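Student: Chain residues, written in single-letter form:
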Amino acid sequence: MVRVLFLCVLAAAVVTTAAGARPLAAPGVTPTQITIGSSVPLSGEAAIAGNVARGIDAYFKYVNTKGGIFGRKLKFEYLDDGYDPGRAVNNTIRLVQQEQVFAMFSSLGTSNNLAVRKLLNDAKVPQLFVSSGATTFGRDYKQYPWTIGFIPPYSEEGAIYGQYIVKHVKKPRIAVLYQNDDYGRDLYGGLRRGLGKKAGAIVAKVAYDPSSADVQPQVTQLKASKANVFMIFAFGKFSLQAFNAVSRLGWHPQIFVNDVSAASALMAIVPQNAANGSISIVFGKDPAAPAWRRDKGVRLFQSILRQYGTDIQARDLQDGYYTAGMATAYTLVDALKKAGRNLTRDGVMRAATHLTEKGNPFVLPGIVIRTTPTSRFPVTQVKLQRWSAKAWHPFGKLLSLKPR
Amino acid sequence: MKLKLSFEVLGLIALGVVIAVLPRFVSSFTAYELATVGMYFIALLGLSILTGYSGQISLGHGAFMAVGGYTTAVLTVNGVYGHHIRDIWTIPIAGIVAGLGGLLVGIPALRLSGLYLALVTFGIAVSFRQIPLKFDKFLGGTSGKLLGLLKTPFGLSATPNDWIYYLTWGIAFVLLVVAWLFVRGKPGRTLKAIRDSEIAATSSGISLARYKTLAFALSAFYAGVAGSLYAMARAYMNPDIFPVVLSVYLVAALALGGVDSFVGLILGAAAIYILQNRAGDVTGWINHLPHVNLNAQRPGMPDVIFGAVLIVVLILLPTGVGGALRRLFGPLTSRLYSKS
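Those sequence lines, one after another, are chains X and P.
The first sequence runs 1 to 404 under this note's numbering.
The second sequence runs 1 to 340 under this note's numbering.
Just chain P, with the same shape it has in the complex (with noise of 0.2 Å):
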């Protein structure tokens, strides 16, 4: 057990190196669109605690990022009673105004699971986009609120797209242990047994709805953090930027990375930033195979692609990316195991 844990830790600490060293070897663009993939990983990573850990199903996520670009936005935009707050100081308030939103809806939720729960948050997730166009003189409706633009504070000397890159990662990189801290110990065991069985966890003495809105709370103040990061990056909010479908692409990616595994859902994450932004490109890759000839210009290209490629997975990876990469590696590391 103990070789595990040092397996683990090793991992995150390859996992810390390769992200401070990457945007060495990549353009500043690259650096750009790689911390969208990071925000739609911590996205992931709250969600994979609610999913894979919890057992909830919530087709809402999009809804949670939306709580945390508007916080962003009203808080730098507007300000509080005038007094205008730096964009980053805004991303632990966004997320715990989602959470606030994720503890909300986690005790409705309570009552429901399964299929009725995910109904419920995707209402939410279709529903939310009317809040800023209710109040659109707040909110900005659907000509959205205009951000400052990204700059790099403290007198560093990165270039904003590093400097988002390395804010992004490195919040990822910090809330990824969390997660791992949060999953591994007696919580993550309890969020489990919730999981494989309601009836069993409670007459073990399990507080249901304690972990249950513990989780859900826990993993929208994930996605709000997710949020306002995309917010700032854009320097723009509006009841567009996270598309109901959106909350969609995350449940999908969730199962195309694997629903517990976290250095899958990294996989998962590009995934959506990939189909969403870069479909032109997938579509000429998937033109190299023979008697094949897409047009990328045509609308719903992107759609047709990720559904394809989710259904090409989920046959050949049935535990997504990261149940495939256990057990590719679950052999090797299992017999060291035994051995110590």
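Chain X on its own, in the form it takes in the complex (with noise of 0.2 Å):
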């Protein structure tokens, strides 16, 4: 009787430290693929900036004919949102329960991220690299700890424009127009940072929503403000329209154009009048800029993009933020790598919290994308350009910014 006890008793504790070992497979993983889900603007106002989860989606099938990641391929289910928060939440609830993703990643917008963070953390879904610079996404993680972000953060992009005008415009007259959102907000409170006692100059903002149709109103009521100075803190069309604005008023301000809205194929649409002598920053290679066309790294991105893309035209391979979505997936294919054969969502979080990549071929060289898990900012070092002979021109050298 004892002996039939202890052999069940045997029994009973090898099929649990079986159990034990065998990997505990995380939803959307396989072993023969990787499931990662993401909602972008395919339609509506910001629909250039889709591009890139095309640029993610065929830099994830040039992995997949190298092998992919320990033998898995990686397959990108990206729905479209409009630039809709509201519809952003549809996407990524059906994303996470029913395609079962593995991950989110690089879901493009402020809001659109804000408003599904807490339910993605609530299920302990990686919410990975965020097209969104707001600043909550890489300091709130302790309340937040399954979210990390990617693009240098707003605030500090606006800081270095602000330390920008104190040393190099005189007499500074700042008129600013920013969209209406944890976006425009951290860009102009970074500005009022970086021009530290100059803050004052700013002598007019104006912001603008955006569901909104036309921003030249705005505009036209920031030019009566006599400044010389136009900060554009303004995403897809509406930047857009603020150059065309800034043209057909006449007005001959000194303009910054946040990160964002200067992909080269959007300044190169704007009237060339006003898009001369823009500053913005710039931390990937941009393709269509004449410093990198002999560049390893982009020759790679036109020859994925040419070879694994979907409907791909010349004007494409031009296209920043196709590079900017490889520049991302580049990073998470490295994340995914260092978290090993054995796949887990926790393990691919601390994988992205313990980041020290240097080679990344889309970024500028000597950019080095780090994280802890207390800094949670990726891409922390930034060049100043400047628009002229329809191109970006980098200047100056690297900049360290110091999120916080």
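Everything labelled a hint here was simulated from the structure, so no lab data went into it.
Since we're looking at a predicted model, the values are computed, not measured.
Cross-link-like lysine-lysine pairs, in silico, DSS-like; alpha carbons within 25 Å at most: (1) X/Lys142 / X/Lys118; (2) X/Lys124 / P/Lys151; (3) X/Lys61 / X/Lys73; (4) P/Lys134 / X/Lys237; (5) P/Lys137 / X/Lys205; (6) P/Lys151 / X/Lys118; (7) X/Lys223 / X/Lys171; (8) X/Lys383 / X/Lys397; (9) P/Lys137 / X/Lys118; (10) X/Lys296 / X/Lys337; (11) X/Lys226 / X/Lys170; (12) X/Lys142 / P/Lys151; (13) X/Lys223 / X/Lys198; (14) X/Lys205 / P/Lys134; (15) X/Lys73 / X/Lys337; (16) X/Lys66 / X/Lys338; (17) X/Lys197 / X/Lys167; (18) X/Lys198 / X/Lys226; (19) X/Lys397 / X/Lys296.
With the hints as a guide, dock the two chains, each given alone in a separate frame, to form the complex.
Tutor: The following block contains the structure:
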């Protein structure tokens, strides 16, 4: 009797240890595939930024032909939200619950990511490298441990412009157009901090709502302030409209345009008399910039896009949104590899918060993508760039940001 | 007549049973999707009372849903004097607030009819989104309001998805019975009389004002309840949750389901859901037809498909799906009635 009991206990012990030793499959991970989800604008006023997702998709396909990640192929499910947070919520719930994605990755838009952050953290689904520089995504990790940002925080970007103005613009009178959400407010707050004692130089600021039709009325209002510096903290079509309005109104301020709206593809189609001389920051290699025409990274980008992209046209090969997507995808692939063969959601979060990535071919030489569990801002090095002769020209040395 | 009544009661019971057991056969996410269908169904029930029975057309019901959604968002997030209200208790409040809104619209609506009423209500749908933008500190503007995540209360063991399913369809069932009792009795006959001829109704001693505003308030109440549930399920509320086009979809779905057929409306509700969220799948089905190759990723494709389906249905079934059902089963049941 005792022997039978002993055998039973032994058998149970063997079974439980065996079960424990078997890697627990995370949702979205099979022996042959990892499913990654994203919600991006493919239609609407920010549709041009949807190319970020198309760039990611092409890069994943390229990685798949190189053997994937420990034999697993990457599958990228991205859905259109039209830059509307409500639809981003629907998409995210569907991707997590129905498509069973392993992680959400590079979803675009500040409000869109804020709308799903609580939901994803509650379900312990990684919200990786969000396509928004709102400072909260890197800063509030205690409350939201499953979230991490990617691009330089907007507040630091604003501060760089502020410091530049203090140093290089005589008697600045600054007018600010900004989007009325955390994205615009972070940039504006950063600008004030960068200006320091000279914050009084801001003579006018007008916010617009991301659902408005046109920002020309706001620009007209700003011009009336007789400012000689104009900050465009606006996204997508609003940035285009702002340049158009400046040109139409015959205004000649020094323009600063925020990074996420400064793609060459956008800048090339606005009136050049307004665009010339504009200043922005840059961290990724811009495939349209003459500086990188012969660069290995940009060549790799173009060959990947030509081979694995869908419906690729000549102008897409010059589109910085595609490179931005590939830069993020490169870092994700790095994190997934670091998370190891036994892929779990915990593991990928640990990897994503312990990165020291040196040779990302799609970002400026010298930039190191670095994260720690308490510093979740992967890209904190940027350069300034100036627009002239239909292209961006980086200038000055690499600047380091210290997000707080 | 008695036999017809018992048929309808049997139908209701059958519907109740289907609602109760369905989650056992579908995935958790499908239950969540069905819950959303239920929310549109509730809104359509209200619209059916207004349009199908009293003959007033509203192209602004999306706005009443938004009123409900914002009521729930404000009561759960801001609370009243700092006292947060649990989400399910906000549902009736959201309905009442929206109902009062409906009353406010219903009074001026007395002076308008047909196309003019449709235009005025459409104006409400279009302009409503400015309110949360104007009061963005309070209502969150475009960034919206984050609600608490959906949780199963009272220690019930259901998953949140099953919970929202049962909650929505439970409420939908009760509201269906209420609507059914409302329209089969004196109020229903009165509304139909008004719809068919206002002059004849007035000369029979019917108070037009009372019944038309009542219909407006009741139908806005339904929309408010639906909006409240929708905001709860998404844990998020912003002006785009109930876009202008939703108001149009609702009227289209009403035509699709049959303006005065409550059961047909379930199909109308499903159509709204599918064409907003599953257009890709529908495109896939349509692509099975010979010589058709549509790209679901194209912006605007859902609207094109919705429009095409609507046109086809209204040509083939001018009284909607509900009317078609009635025509199909009508001869059968009427023979039974005549024997009884």
